[in-house]
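S.K.: Here the protein sequences come in this chain order: U, D and X. Position in the first sequence counted from 1, then plus 383, gives you the working numbering. Position in the second sequence counted from 1, then plus 377, gives you the working numbering. Position in the third sequence counted from 1, then plus 16, gives you the working numbering.
Just so you know, these hints were derived from the structure itself, not from any lab. Among the hints, a few may not be true.
[Stated by the list, open to error] Computed cross-link-like contacts, EDC-like style, restricted to lysine to aspartate or glutamate with a CA-CA straight-line distance of at most 20 Å:
1. K78/X <-> E120/X
2. K467/D <-> D445/U
3. K467/D <-> E120/X
4. K467/D <-> E380/D
5. K467/D <-> D424/U
6. K467/D <-> E398/D
7. K449/D <-> E380/D
[Said to hold, decoys possible] Residues on chain D that point at chain U, a partial pick, calculated with CB under 8 Å:
8. G406
9. F455
10. Q466
11. S470
Cβ coordinates follow ideal geometry from the N, Cα and C atoms, glycine included.
One letter stands for each residue in the lines below.
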Amino acid sequence: MATISLQNYTLVITGAPYSSQAPQTALSFARAAIAAGHTVDRVFLYGEGVHLASSLSAPPSDEPHWADQWSRFLSENAISGVACIASALRRGLTNDSEQKRYELPANNIREPFIIAGLGEWVEGTMASSRVLYFHGGD
Amino acid sequence: MTEIDTLHILNKAPEHPRSAECLRAIEPGDALLLIESAVLTLATCSELRAGITLYALAPDALARGIAQNAVKASLVDFPAMVELTAQAQKVISW
Amino acid sequence: MGTLIVIDQPPYGTWAGREALDMAFSLAAFDQPVALLFTGAGVNWLRKSQETTGIGQKSVEKNLSAALIFGVEALYADATACARYGLVPDNMVTGVAMAESSAEVMRQHSHTAFAG
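Excised from the complex, chain U in its bound form (with noise of 0.2 Å):
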């Protein structure tokens, strides 16, 4: 008889959308795991990752609006987003305390999304029973 380990996840994203399948497939992941009962601790967008906590993205409104999708579904389940603040500045996705500190015309971070430090990687490394990764493809 199989038993049940419930785990608590913290999921990281490094590929992009509309480069990389990652955000799909971590999100029908994530909502796969909280389906069975597990925990998702946080999700944490490093390099590439980031583009996806975007708010400026618009795809084509037949096209899936990635960015969209999991920011409903983190707001839902009350998870965490958080985008890594060195990828995220390097890439042009920024927040409102960052946009003054650098002088920039505008912010784009897409709530409930917030940028923090890999501080909150190494905790999901201490604290959560599994990280994953979703890597984009090349």
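Since chain U is already given, all that's left is putting chains D and X on it; use the hints.
M.R.: Below, chains D and X without anything else, positioned relative to chain U:
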């Protein structure tokens, strides 16, 4: 469900260098789950070493019209993928 | 035990290796055990005498020499990949341990991660 030491999750097409690295790194007692472009490995890879269980993510295999090649692999859905990651001692995403 | 960060992409042509190094430094900064494994084209990180002024990037050689000082426990290089790229101790940065089997190094760590 059988015990899995390390669950290797591969998402790269067979030509990607990490695909070959992953196939080399798998040991008896491990399991390999093919997802995304890696399901194409079902068409190219004739043999896996003995003692390795092979899975392929069904939605990805179906999307690529390759599910019928999965004679040596078990097709799994997302709930089963979650279960594999929960049961394995360790998970490596290639 | 601890985390193994794997770099299998060559330097300069992609940022993934730098972001992998950031992950390793970050773990070390939080006093978490971490080691780096260079494999595939990633072993080219370990070549001596990288002169990068012409491409406008900082040399990764300097970042690497800081790794052991900042608490990264070991730098492993896959021996087969080194042989493929003509890397021998003479033309490599110091402090690198040759690994006959990358898989074995992975088995010795509880958590293995690529940066992308």
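S.K.: Indicate, hint by hint, whether the structure satisfies it.
M.R.: Consistency of the hints with the structure:
Restraint check: the Cα-Cα separation between K78/X and E120/X comes to about 28 Å, which exceeds 20 Å; the hinted pair is violated. Taking the CA atoms of K467/D and D445/U, the gap is near 38 Å; set against the 20 Å cutoff, the hint is violated. At most 20 Å may separate the alpha-carbon atoms for a hinted pair to count; K467/D and E120/X meet this at roughly 14 Å. For the hint linking K467/D to E380/D, the alpha-carbon distance of about 11 Å falls within 20 Å, and the restraint holds.
Distance hint between K467/D and D424/U is fulfilled; the C-alpha atoms sit about 18 Å from each other, no more than 20 Å. Annotation: proposed proximity of K467/D to E398/D holds, straight-line Cα distance about 18 Å (limit 20 Å). Between K449/D and E380/D the CA atoms are separated by roughly 19 Å; this keeps the pair inside 20 Å, and the hint holds. Taking 8 Å as the C-beta cut-off, the interface hint given for G406/D is violated, the closest approach to chain U being about 18 Å.
The beta carbon of F455/D is positioned within 8 Å of a beta carbon in chain U (closest approach about 4 Å), and the interface hint is therefore held. The closest approach between the C-beta of Q466/D and any C-beta of chain U is roughly 11 Å, which is over the 8 Å cut-off, so the hint fails. Proximity of S470/D to chain U holds as hinted, the smallest CB-CB distance being about 4 Å (cut-off 8 Å).
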